[in-house]
Amino acid sequence: MIHSKWFWPTASIFILLLILPLFVPRFYVYILALIYVTSLLAMSLNMVVGHGGMFQFHHGVFYGVGAYTAALMLTKTSMPMWIGFIAGPIVAALIGLIIGWFCVRLTRLYFAMLQISLGSLIWAIVYRWYSFTGGDDGIHGIRMPSLLSSLNSSYYFILIILVLCLITMYMILKSPFGNALQAIRDNPQRCEAVGINVRRYQLLGIVIATFFAGAAGVLFVVLERSVFADLLFWVFSLEIFIMCLLGGWFTFLGPILGTAIILTLRTFVGRYTEYWTLILGIILILVIFFLPEGVMGYFQEIFKPRMKGMVQGGKTIDAAG
Amino acid sequence: MLQVEAVVKSFDDFMAVNGANLRVGKGEIVAVIGPNGAGKTTLFNLITGQFKPDRGKIIFKEEDITQLPPYQICKKGITRSFQIVNIFPRLTVFGNVQVAVLSHQGRSSNLFRPAQSLAVKETKDILEIVGLLDKEKNIAGSLSHGDQKILEIAIALGNEPELLILDEPTAGMSPEETQATIELIKRLAQMRGLTILFCEHDMDIVFSIAQSIMVMRHGQTIIQGGLEEVRSNKEVQEAYLGGE
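Just so you know, the protein sequences line up as chains A and B, in that order.
The first sequence begins at 1 in my numbering and counts up by one.
The second sequence begins at 1 in my numbering and counts up by one.
Fair warning: there could be bad hints in the mix.
Unchecked claim - Stretch-level coverage of chain B by chain A, calculated; a stretch enters the list once three of its residues show a Cβ under 8 Å from a Cβ in chain A:
# : region
1 : 89-95
2 : 102-108
3 : 153-166
Don't read these hints as lab results, they were simulated from the structure.
Ideal Cβ positions, reconstructed from N, Cα and C, are used throughout, including at glycine.
Required output: the full structure, derived from the provided sequences and hints.
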């Protein structure tokens, strides 16, 4: 990531994002922050879907679990907020471990169906358990400590956590484990034959991804100061899935692009018509037909000949990520 | 080193392997031959754990490995190449072999070191032996069929096996590639002291490499023995060689 060629463009984008809140209206700061939060969620999903090749159809559950864990600890206990923030991803990863343990025993569509069922179970609990989770009312008006009280400070907090998470995810994907995960995606049978315990690696992949989903959930609480059961509803999970597909699920940064496209559409087209999903649908159809590897995948394809010369040491595909 | 005893495997009503016996001694090169559908590939799948036998025993280095999953059998020291090309098409040639090398070294679950810099020497050594070093940066899926078959063997070598199983290593290759592959297999046996078990349709290849031959028909072992013994066996001539 800190290769000379990419360092300055990356750094300048980062600095631009840092100073942006100083001169754009609050509303845009909010939308940007929402894009960051959702990007992190989409990227965590892409770890299992794009790089791991597993049909994680109900990823929203772990986002919701992370958000609810943080929200409940902030409202129902007097523990310091940092503990709530750390508990969010950990509890999400734990639920990921339990659900994943069952799911990795199945493949493809069966994996997806089982996950939707188990995830919906958790949604039902959250949705129905009024006395604890607030049911379909959710939890509102969560008080943030003074450090995160303004929108701008939340924005910076979210941006920094996002960058830290992205760096960690990038390292994981380029590690031997990341390689093994992608090898399993391409050919699970062959992986078994070279001594890789496929199920255990898939489960570890799910746990890592759900951990980051939980982190995104915590950031959602920081931004919105509220949680609601819709976060865990399967329709929302499908939306995250679409973000990955749209952006390019074999690329590292594709999901961010997909998230930005969908959230921008919803915000700005959604203003004029409630049928904004119609436009989303048309875009999706076009992408599937003309850019099967997603928008980011398309750009990478264009720049590939140029990049091939630059990249050194046995990596050409998904090099720029 | 490897003993297969009266192994049986059926799919629904079809007896794919019906009483196969096989002995492979350390350092030996053993060939399995038989007409199409004789159960050779199924037998290999049983040895490497892709399928579980219905009956019978598979013993490797005095240890019963009959019920182990494939990844554990691999860790015991048996690896294989596949008849139909079975590689990681989206990874580079280097990446394909490195996955196996890292798995063998027990470093696959390392989360935070960049994989690029790990096991480079070991991986390149293997690519050098099989002659793919100049193509290490190519995407595996873009290689020619012959090179992909060679890559198959290279991946299997990544685990530093004691017993290497090759399922029709030269299938679909041009005559030159076939010749090169035969040389490679001989070299591996000599240089690395590998024990090799393979199956092959081409009798010339079988008789030029193998030291011992096992003949299968309808899932059953007819005979296993030295080249001359097999060549002169009546039943074998009738079942197989005679028909050539």
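Now the hints, each set against the structure:
Residue count for the region 89-95 of chain B with a Cβ under 8 Å from a Cβ of chain A: 6. That meets the three needed, and the coverage hint holds. A stretch counts as covered by a chain when three or more of its residues have a beta carbon under 8 Å from one of that chain; for the region 102-108 of chain B and chain A the count is 5, and the coverage holds. With 4 residues having a Cβ less than 8 Å from any Cβ of chain A, the region 153-166 of chain B passes the three-residue criterion, so the hint holds.
When the structure is compared with the earlier hints, no violation turns up for any of them.
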